[in-house]
Amino acid sequence: MSRPETRRRRPGGAELAPYAILAIMIVALVLVPVVTQYTVRTANIYDIFQNFASYGLVALALGITIIAGEFDLSVSSMYLFGGMVAVLSGASSPVLGIAAALGAAIAVGVVQGGLIAGFRLNSMPVTLGGYLVVLGITYILGHNKSVLYDNYTVGLRLDEPILQIFSIRSLVSLGIFVVAALVLRYLRVGRDLRAIGGDRRAARVAGVRVDRLLIGVFVVSALGAALPGALLSYSLATASPTNIGFDVLTFSATAALIGGVSLSGGKGGAVGIAAGVLSLSVLQEILAILRSPDYVSSLITGGLLVVVTIVWAPNLSEWFRTARVLRPAEERT
Amino acid sequence: MARVGIEPRPLRLADAALAAWIAILAGVTVYGAATTTGFLTVSNMKAILTAASFVGIIAVGLTVIVLSGNLFSLALGQTAAISAMVFLYSLRWGLAAAILLTLVLGLAIGAAQGFVVGAWGANPIIVTIGAAGLMEGMAVWLSHGQSIVPPVDQTSWEHLANPVLGLPAPVYVFIVVTVLLAVVMARTRFGRQIYLLGENRVAARAAALPITLLTVGAFGIASLYTAGSGVLIGATSANASLLLVGSYTYDAIAAALVGGNAVTGGRGSIARTAAGAIFIATISDMLLLRGYSTGAQILVRGIIVVVVVVLTNLRERSR
Amino acid sequence: MEELSKSFGPVHAVRGLSLDVRAGEVHAVCGHNGAGKSTLVKTLVGLVRPDEGVIRFEGQELSLRNPQDAQSHGIALVNQELSLVPELSVEDNIYLGGLDVPLVYRRRRLSENARAVLDQLGLRHVQLGTAVEALSIGERQLVEIARLLVRDARLLILDEPTATLSKPEIERVFRATRDLVAQGRSVIFVSHRLDEVFELCDRVTVLRDGRRVATHEIHEIDRRSLIEHMLGEMEGAKAMGAHEHTDAGSGEAVVRIEGLTVPGSVASVSLTLESGVITGLAGQVGSGTSTILRALGGLVPTATGTVEVHGKPVLLNTPRRAVAAGVLYVPNDRQREGLFLGQTAERNLTVSRLRRLSRLGVLLRRRVRRTARELATMAGVSVERLGSPAASLSGGNQQKVLLGRALQLEGTALLALDEPTRGVDVGGRAEIHNLVREAARKGTAVIFSSTELDEVLDLADVVVTIFHGRIVSVVPRAEASAPAILADMTTSHASDGGVPS
Numbered sequence: 020m021s022r023p024e025t026r027r028r029r030p031g032g033a034e035l036a037p038y039a040i041l042a043i044m045i046v047a048l049v050l051v052p053v054v055t056q057y058t059v060r061t062a063n064i065y066d067i068f069q070n071f072a073s074y075g076l077v078a079l080a081l082g083i084t085i086i087a088g089e090f091d092l093s094v095s096s097m098y099l100f101g102g103m104v105a106v107l108s109g110a111s112s113p114v115l116g117i118a119a120a121l122g123a124a125i126a127v128g129v130v131q132g133g134l135i136a137g138f139r140l141n142s143m144p145v146t147l148g149g150y151l152v153v154l155g156i157t158y159i160l161g162h163n164k165s166v167l168y169d170n171y172t173v174g175l176r177l178d179e180p181i182l183q184i185f186s187i188r189s190l191v192s193l194g195i196f197v198v199a200a201l202v203l204r205y206l207r208v209g210r211d212l213r214a215i216g217g218d219r220r221a222a223r224v225a226g227v228r229v230d231r232l233l234i235g236v237f238v239v240s241a242l243g244a245a246l247p248g249a250l251l252s253y254s255l256a257t258a259s260p261t262n263i264g265f266d267v268l269t270f271s272a273t274a275a276l277i278g279g280v281s282l283s284g285g286k287g288g289a290v291g292i293a294a295g296v297l298s299l300s301v302l303q304e305i306l307a308i309l310r311s312p313d314y315v316s317s318l319i320t321g322g323l324l325v326v327v328t329i330v331w332a333p334n335l336s337e338w339f340r341t342a343r344v345l346r347p348a349e350e351r352t
Numbered sequence: 126m127a128r129v130g131i132e133p134r135p136l137r138l139a140d141a142a143l144a145a146w147i148a149i150l151a152g153v154t155v156y157g158a159a160t161t162t163g164f165l166t167v168s169n170m171k172a173i174l175t176a177a178s179f180v181g182i183i184a185v186g187l188t189v190i191v192l193s194g195n196l197f198s199l200a201l202g203q204t205a206a207i208s209a210m211v212f213l214y215s216l217r218w219g220l221a222a223a224i225l226l227t228l229v230l231g232l233a234i235g236a237a238q239g240f241v242v243g244a245w246g247a248n249p250i251i252v253t254i255g256a257a258g259l260m261e262g263m264a265v266w267l268s269h270g271q272s273i274v275p276p277v278d279q280t281s282w283e284h285l286a287n288p289v290l291g292l293p294a295p296v297y298v299f300i301v302v303t304v305l306l307a308v309v310m311a312r313t314r315f316g317r318q319i320y321l322l323g324e325n326r327v328a329a330r331a332a333a334l335p336i337t338l339l340t341v342g343a344f345g346i347a348s349l350y351t352a353g354s355g356v357l358i359g360a361t362s363a364n365a366s367l368l369l370v371g372s373y374t375y376d377a378i379a380a381a382l383v384g385g386n387a388v389t390g391g392r393g394s395i396a397r398t399a400a401g402a403i404f405i406a407t408i409s410d411m412l413l414l415r416g417y418s419t420g421a422q423i424l425v426r427g428i429i430v431v432v433v434v435v436l437t438n439l440r441e442r443s444r
Numbered sequence: 014m015e016e017l018s019k020s021f022g023p024v025h026a027v028r029g030l031s032l033d034v035r036a037g038e039v040h041a042v043c044g045h046n047g048a049g050k051s052t053l054v055k056t057l058v059g060l061v062r063p064d065e066g067v068i069r070f071e072g073q074e075l076s077l078r079n080p081q082d083a084q085s086h087g088i089a090l091v092n093q094e095l096s097l098v099p100e101l102s103v104e105d106n107i108y109l110g111g112l113d114v115p116l117v118y119r120r121r122r123l124s125e126n127a128r129a130v131l132d133q134l135g136l137r138h139v140q141l142g143t144a145v146e147a148l149s150i151g152e153r154q155l156v157e158i159a160r161l162l163v164r165d166a167r168l169l170i171l172d173e174p175t176a177t178l179s180k181p182e183i184e185r186v187f188r189a190t191r192d193l194v195a196q197g198r199s200v201i202f203v204s205h206r207l208d209e210v211f212e213l214c215d216r217v218t219v220l221r222d223g224r225r226v227a228t229h230e231i232h233e234i235d236r237r238s239l240i241e242h243m244l245g246e247m248e249g250a251k252a253m254g255a256h257e258h259t260d261a262g263s264g265e266a267v268v269r270i271e272g273l274t275v276p277g278s279v280a281s282v283s284l285t286l287e288s289g290v291i292t293g294l295a296g297q298v299g300s301g302t303s304t305i306l307r308a309l310g311g312l313v314p315t316a317t318g319t320v321e322v323h324g325k326p327v328l329l330n331t332p333r334r335a336v337a338a339g340v341l342y343v344p345n346d347r348q349r350e351g352l353f354l355g356q357t358a359e360r361n362l363t364v365s366r367l368r369r370l371s372r373l374g375v376l377l378r379r380r381v382r383r384t385a386r387e388l389a390t391m392a393g394v395s396v397e398r399l400g401s402p403a404a405s406l407s408g409g410n411q412q413k414v415l416l417g418r419a420l421q422l423e424g425t426a427l428l429a430l431d432e433p434t435r436g437v438d439v440g441g442r443a444e445i446h447n448l449v450r451e452a453a454r455k456g457t458a459v460i461f462s463s464t465e466l467d468e469v470l471d472l473a474d475v476v477v478t479i480f481h482g483r484i485v486s487v488v489p490r491a492e493a494s495a496p497a498i499l500a501d502m503t504t505s506h507a508s509d510g511g512v513p514s
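Chains as they are written, first to last, in our numbering: chain S, 20 to 352; chain L, 126 to 444; chain U, 14 to 514.
The hints are simulated quantities; they were obtained by calculation from the structure and are not laboratory data. C-beta atoms are modelled at their ideal positions from N, C-alpha and C, and glycine is treated no differently. Heads up, a few of these hints could be off.
Claimed, not checked - In silico SDA-like links for lysine to any residue, alpha-carbon gap of 20 Å or less:
1. S:Lys164 <-> L:Val425
2. U:Lys55 <-> S:Val224
3. U:Lys55 <-> U:Asp33
4. U:Lys180 <-> U:Gln93
5. S:Lys164 <-> L:Glu283
Unchecked claim - Footprint (simulated), chain U over chain S, 3 or more residues, beta carbon under 8 Å:
6. 209 to 219
7. 222 to 235
Could you build the full structure based on these sequences and the hints that come with them?
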C-alpha cells in the first residue's frame, strides 16, 4: 500500500518568526520618536508589561491547548469568570479570592477535559458549550451586572511599579511563563504534550497516557485564563460579565500563532508565545502613543491573525503549484 | 472473510440515549408550557417565533458550513452587525439598492473566507476569528464610532419591520429562506456534494469533488443569509452599530448544534437547525417569563449545547 | 538455549499453526497474501486473541491482552506504520511513553543510553536533538527499533521492514538485526523479499492458507522450493488458464505513460495502455504500484513525467484534472479514502456523475435512482441495499459499490483500480473480475494493481511486475507463469540502487 504521506514540513525559518516579529515591533517603537514628537519613556515600557500581565497568560493557556492538538474556546469567558469569583470571594482576603477563582477553574477544566477525553469529542463544540456555561454562571454570580471590589488598595499594590517597568501582576505573569517554559522543555509532560498534539495515534501506541494528559491540559487552560482575569479585576476593582470592546480570544489566538504555535499541533513553546504576546503589547502601545482609535488595533490584530493563518495554511504551496498550468513541453503528471 | 460491520450494541445505546434526551426535552417543554403563566398565548408564540427568526436565519445559513465539515464560523455576529449598518446607510439609494448591496457584500465576505479555507486549507475557526476582528475594526472605522440610522426621508424600510397579517415580516422571511435552503441542500447537486464533503474530505478529494468551490459556496451562503438577517435586524432596530453583534454568533451555533447536526459534518439537515433555533427560543422565552435572568438563559443554553454535543457525537461514533 | 513456541488453533485466518523460534536467531516467515502472516503477527503482539493454542515465551506461558502487555514481556513490533511523533526529537521519541522514564527526564544518563543504542544501530550520524521529521524513512524505522531496544525487547517482529528503504538503509537494518541476535534476542522477519530472507535469516517458515507448510534451515532450501511452498497448488490451477486472454484489445493506444517518476517511490515507469486491454501491475506492498495508479488519478502532485490520453498530453496534478482527462482512479483504502461510509449506497454510487444527473444544478431524483439501480445491478449489489449506509454493507458489497461508481461513465478513457478485490471473498472476487472484464470489453483501457498473484493471473491481459518502483518485466498473460511472476515481484535483479530518492 502507499507509504505514509510525508508531512508537510514547516520552513526552518518559522522557528525564528516570533522573535523576528518582536524585533520588528521593538524597532517600530524605537522609531516612534523619529516620526512624532513623542519620547518613549519608561512609562510606556511599564504599559507594555501591564498589557502582558493582563492577557499574556491567556495566550499561554490557549497555546497549550493548541499544542496538544485541541482548542479551548472557553478562555474568554473563563477570564471573566475568574474575575467575578475573585471579587466576590475576596472581600475579606484577596488571597482567598484568588484561591477560589483557581479552584473553580480547576473544576471547570476537569469537566471539560473529562468530556473531551472520555467521549473522544472534538474540543471545539464542547468548549463552545463550556464558554456559554461559564459565561452564564458569571452573569448569575454577579446578578447580571458588574460587581465592585471594595478593597481597592489591593489593585494599587498589584500595579505598583517595581523597577519602574514591572509590577506584581506582570512579574507573576512572567514568572509563570518561565515555569511553563521549563516544564515544557525539561519535564516529561512537556514532551508528552507535544506528542499528543503531533501524532495522537502514535503517542497512544507508544504508551503515553493521552486521556489523563488531555484533562490536565484543559485544567491548565482554565487556570491560565482565570488567574489573569482575577488579577485584572482586582486591579480595576471591578468584575464585569462582559468584555468591553476587547476580544481576549482574538488576542490570545493571534499571540499564540505569531508565537510559533502550530495549528496542526505538536509545535510551539512558552518563550515563543511570550514573544508573541509582547509583540502585540508593543504594537498596542505604539498605537496608544499615536493616539490611534481602538479600531485600528482590532483591524491589525484581526488582519495579522488572518495573514498568519494563511501563511501557515497546509495546502498553500500545493495550491500555487497545481494552479499553474504548464505548457505541454514541461508536462507534469 | 472478515466482515465490516458495526457493533449493534453501542448504536442502540446511543440511539436510546438520544431518544431519552428528546423525551426529556419534550417533557420539559410541556411542563414549562403548562406551568408558566403567559406562555400559551398567541402573543407569546409570536414573540418566540420573532426571536427565533433573526437567529434562525443566521443559523440555517451556518448549517451549510457545519454540514460541509468546516466546523463553524465565529464571524457571523460581526457580519450581521456590519450588514445592518451597511443596509441602513445605503437606504439613501433606495430600498432595493440597499438590500442588494448588503447581500452582495455579505456573500463576498463569506466567499473570501471560504476560499482561504477551501483552497489553502486554513483553519476555519481561526480564519473566522480573524475575519471577525477585521470586520469590527472596519465597522468602527467606517462609521466613525457612531451608530447608523436610516435617512430621515426614507420610510420604505419600515415594511421590513412591520407586521404582516399579524406576524412580523422577519418570521415570514425565516420560513421562506429556511424552506429554500432545505430544498437546495436536499435536492441540488451542490447540497449533495456538501454532505459528501463533510462526510469524508479525503474521499471527496479522491472522488474529484470541487472542494474549493463547495467551501466558497458554504461560507458564502452562511454569510449571505447572515447579511439578510442583518437587513431585518437593522430595519427592526432602526439603528445599527457593533452593539448589535450581541450573542448572535454563539446563538446561531448553538441552534445548529442543539438541532442535532454533527459538528464533524456530513450528517444533519437545515430542518434540524430550524428546530434547534425554535427550541432555544422557546426555552429562553420560558425562562424569561419565569423571571430568570440573562445569565440563566446563557447557562441553560450552554448546558443544552454540551449535552447534545455529547449525545450526537456518541451516536455518530458508533456508526 | 531458550525456545519460544506458539501453537494456535482456529483463529479463522490461521489454523493449527505451530511455530518455534530460537533465541539468537532470525526467523523468516514467508507466505503469499492471505496466508495468515498478519494474523500471526497480531496474535504475538496482543492485538488478537487466539481461539485456541498457546504462546510460550522464555519458558512462560503468555496470555496477552493488549499491545502494552506484549511490550512489557519484551515482545515488540516494527511495521510500516511507525509510531513516532514527527515533531519531536529523536531522543524524545525513543523515550516516549516509556514506563519508567522519570519526570525530569533530560538526564545525562538517559541521553548517553540513547546515544549508545543509536550508535549500535548504525545511526552514529544522527543527532539526538534532530526532529524525527527530518529523517528518512529508513532512519525513522531504526529510531523506532531504538525505542524498543531501550525497553529491552527480547523478541522483535519486523513486518515488511524494508519495503520503503533504500539499499544502504536496508544494509543498516540488517547489520543492526545481526547485532541484536548476537546478544541473544530473537527476530521474526516477515517479508516477501526472498533475496533478503536468504541474506539475513537463519531459518524460514512458509505459511499457506493459514497453516504452516514448511520450516527449514536457510541453507537447506533454495529459492525455487520456497516459491513452490508458497504457491502450493496454485500453479496447477493456473495452468488451466481459466479465461481466454487473447489480444482482446483493439490495439489502439489510449494512454501512453512516459517516464513517470515519483521521488522516493517510482522510477521512470513507461507503459502503453490499450483500449480494451486489462493491464495488471503485480507488486508487493510498498513496491510503488499504488503510487503509480494514484499519480494517474491526480493524487500525487510531486509526480513528473508525461501522460498522453488519446494522443494528447494531459495534466494530471489534481483529481479533477484527471477526471476531466478521462482517467478514473478507484482508491485501495475503501474505508478511508474511497467510500462515504455514513452516506447511502445510492449516494456513493452516484457521486462521480452528479453533473450528468442534474439539470441547472437540481438533481433529477428519478434519474439518480434509476442510475443507481442500474449501477448496482451491474456491480452485483442487491438493489434493496441502495438505501442503507455504506458502512452497513459487507466488505464485498462495499468494494462493488466503490467500483460501481466508476463504471459506465461517459468519456472514461482509463480505469485505474487499486487493489480491486481487497478484503473480498472468492465469490465476490469472481464477480468483480467479471465486472472489470465487461468494462474492458466496452473499450475502456483498464489498469489495476494487486499484491495477489492469482488475481493478477486471473484478470490481467498483460502482466507488469513492479519491484522497488521500477518495472521488472512486461509479459502478456499467455506467456506468464506464476513462479516467474512471483520471483519478479519478490526479488531484485542485478544491482538496482534500491528505492529511487
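Results of checking the hints against the structure:
| no. | hint | result |
| --- | --- | --- |
| 1 | S:Lys164 <-> L:Val425 | holds (18 Å) |
| 2 | U:Lys55 <-> S:Val224 | holds (14 Å) |
| 3 | U:Lys55 <-> U:Asp33 | holds (16 Å) |
| 4 | U:Lys180 <-> U:Gln93 | holds (17 Å) |
| 5 | S:Lys164 <-> L:Glu283 | violated (34 Å) |
| 6 | 209 to 219 | holds (count 7) |
| 7 | 222 to 235 | holds (count 5) |
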